[in-house]
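As you go down the protein sequences, you meet chains A and B in turn. Each residue of the first sequence is one higher than the one before, starting from 119 at the first, in this note's numbering. Each residue of the second sequence is one higher than the one before, starting from 207 at the first, in this note's numbering.
Hints are computed from structural coordinates only; laboratory data are not their basis. Among the hints, a few may not be true.
[What the hints assert, rightly or not] DSSO-like mimics (lysine-lysine), calculated; alpha carbons at most 27 Å apart, straight line:
1) Lys160/A x Lys217/B
2) Lys273/B x Lys340/A
3) Lys131/A x Lys246/B
4) Lys246/B x Lys317/A
5) Lys122/A x Lys224/B
6) Lys122/A x Lys215/B
7) Lys160/A x Lys246/B
8) Lys224/B x Lys301/A
9) Lys195/A x Lys224/B
10) Lys277/A x Lys179/A
11) Lys122/A x Lys273/B
12) Lys160/A x Lys273/B
13) Lys123/A x Lys224/B
14) Lys163/A x Lys224/B
15) Lys273/B x Lys163/A
16) Lys224/B x Lys334/A
17) Lys215/B x Lys334/A
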Amino acid sequence: MSAKKMLGRVNYKTSLSGKTWLVGIELEEVVSFLPGQFVSLKVNKEGLRRSYSVASLPGKKTIDLVIDVSPMGEGSKYIIDLKVGDSVEVLGFLGRFVVGEEVFATEKELLFVGTGTGVVPLKPMIDNLLVNRNFRGQVHLVWGMRYESDLYWVKEIDKLQRDYENFHFETVLSKPGNDWPGKQGHVGETIEKMSLQWKEMTAYLCGNPDMIVGVKELLLKKGVPEVQIFYERFA
Amino acid sequence: MNDEPVMTKYKVVVDKNKCIGSGSCVDLANLTFRIGTDGKVGLIDQDGNSDEEKLLAAQSCPMIAIKIINTETGETVWPR
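The shape of chain B in the complex, shown without the other chains:
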C-alpha cells in the first residue's frame, strides 16, 4: 500500500446502512477507510490510497456497501 497520498480519480461513497463492519476495506485501503466507534466504516481521506486499492477494497466488501465513482467520467465503476 502507498505511504504517501496520491491524487486519484475514483471517489468512494459508503452506505453505512449496509456496512457490517467486517473491516476488509480497511485491510486493503487503510489510508482511505477506518472503522468508527459505531463499528461501521468511515472515510479518512478520499485520496489516501490509489484507485486500484480503493476499487479492490470496495470489491472485497461482503455487503457491497462501497460505491466507486470515476470523477472524470461520472461513471459508477463499482458495483457494476
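If we strip away everything but chain A, and leave its shape as in the complex, we get:
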C-alpha cells in the first residue's frame, strides 16, 4: 500500500462539538489503509498541507476526518470554509501508528490513551480490533479532554463498552463542570490508579507532546517495556 495523491469530494460536514468537525470525503474508489493512519490535505494553492487522522475504517469510498479547528491556522480556516461538494486533494495513506499484525493473534492487554483529537486514530484501531478482528484481550481506552462540551462519540464508545465485555473506557476531564460524574484531572492520574498487567501490555498514546512524555514515563515506571509503547504526537 503506497501513498498516493487522490481527488476527493466533501460528502458531508457536521459539527461534533463546538470546535470539532466531522468531514466525510468521498474518494474515487474504495480505499485500503490501516486503522490509525492519516491523510494529508492540500490546504492552500502554495501546496501547504495539513495532516488529519482517519476516523473511519477502510473498505469504503468515503473516509471520515475529525478535525479540531481551534488552532485557527491555515488548516483550520481551510476546514471551516469547506462546503459539501468541494473538491479536496488528499495524499494518503500515511504513518506507522497502527496496531501491528502480530498483536491480533494474541490476547494481550492493550491500553489506548488519547487527549483531545488524539482519540481520533485510536477509535478505528479499537473498532478494528473488537468488531472486525474479534480480539479477545482486554482493551482499555482513556480519553482526556478539557470540558464536557468538547466530548463527542460518547454514545458510540459507550455502546462498544456494552457490546464487548473486554473493552473498558474512561473519560477524564481536566476542567469539568460541577455536575460531571466521571474522572477528573489528567489522564496520567487515572492511569496511575489502574490495575493492569503492565509488563505484558502494549500501549498506544496519541495527543499533545507533554501528555506523550508524561504518560510514557509513567508506563515505563509501571514496568511496560519501552518497545511496547507506541505513540503519535499531535502538534
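Keeping the supplied structure of chain A fixed, place chain B upon it in accordance with the hints.
Relative to the frame of chain A, chain B by itself:
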C-alpha cells in the same frame, strides 16, 4: 516511486528537532528518507527519489521539518 536513483536538483534538509517521526516522508520517498533508531527521520540518499517525490514528502510533513532547496538556483522551494 522510482526504483533507480536519478540525479536531482532538489536538496533536502531535515530539522531533527522538529521531527516527530510520523513517517509520512518515508511513505512517499523511501529511497531518500528512513526512520532511525532515535525514532526520527534520517537521510539515506539525496538522489534516492525524484524531485517531485521529495517535494511531496516534504509537504506531507506535519511538522514542516523538511526543507527543500533548489541547488541550481539556491532558492528554498519548501517551505515557501
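Hint check:
Note on Lys160/A and Lys217/B: the hinted pairing holds, with a Cα-Cα distance of about 22 Å set against a maximum of 27 Å. The straight-line distance between the Cα atoms of Lys273/B and Lys340/A is roughly 39 Å, outside the 27 Å bound, and the hint therefore fails. For the hint pairing Lys131/A with Lys246/B, the CA-to-CA distance comes to about 35 Å; that exceeds 27 Å, so the pair is violated. For the proposed pair Lys246/B and Lys317/A, the alpha carbon gap of about 26 Å is at most 27 Å, so the pair holds.
Taken as a hint, the Lys122/A and Lys224/B pair is honoured in the structure, with Cα atoms around 24 Å apart against an allowance of 27 Å. Taken as a hint, the Lys122/A and Lys215/B pair is honoured in the structure, with Cα atoms around 22 Å apart against an allowance of 27 Å. Restraint check: the Cα-Cα separation between Lys160/A and Lys246/B comes to about 24 Å, which is no more than 27 Å; the hinted pair holds. Under the criterion of a C-alpha separation no larger than 27 Å, the hint pairing Lys224/B with Lys301/A is inconsistent with the structure, at around 33 Å.
The suggested pairing of Lys195/A with Lys224/B holds, with an alpha-carbon distance near 23 Å, which does not exceed 27 Å. Of the supplied pair hints, the one linking Lys277/A and Lys179/A holds, its CA atoms being roughly 25 Å apart against a limit of 27 Å. Proximity of Lys122/A to Lys273/B is assessed by CA-CA distance (about 21 Å); at most 27 Å being required, the pair is judged to hold. For a cut-off of 27 Å, the pair hint linking Lys160/A to Lys273/B stands: about 17 Å separates their Cα positions.
For a cut-off of 27 Å, the pair hint linking Lys123/A to Lys224/B stands: about 25 Å separates their Cα positions. For the suggested pair Lys163/A and Lys224/B, the alpha carbons sit about 24 Å apart, so the restraint of at most 27 Å is met. This hinted pair checks out: Lys273/B and Lys163/A have alpha carbons roughly 18 Å apart, not beyond 27 Å. A C-alpha spacing of about 19 Å is found between Lys224/B and Lys334/A, which places the hinted pair at or below 27 Å, so the restraint holds.
A hinted pair counts as satisfied when its Cα atoms are at most 27 Å apart, and Lys215/B with Lys334/A does not qualify at roughly 41 Å.
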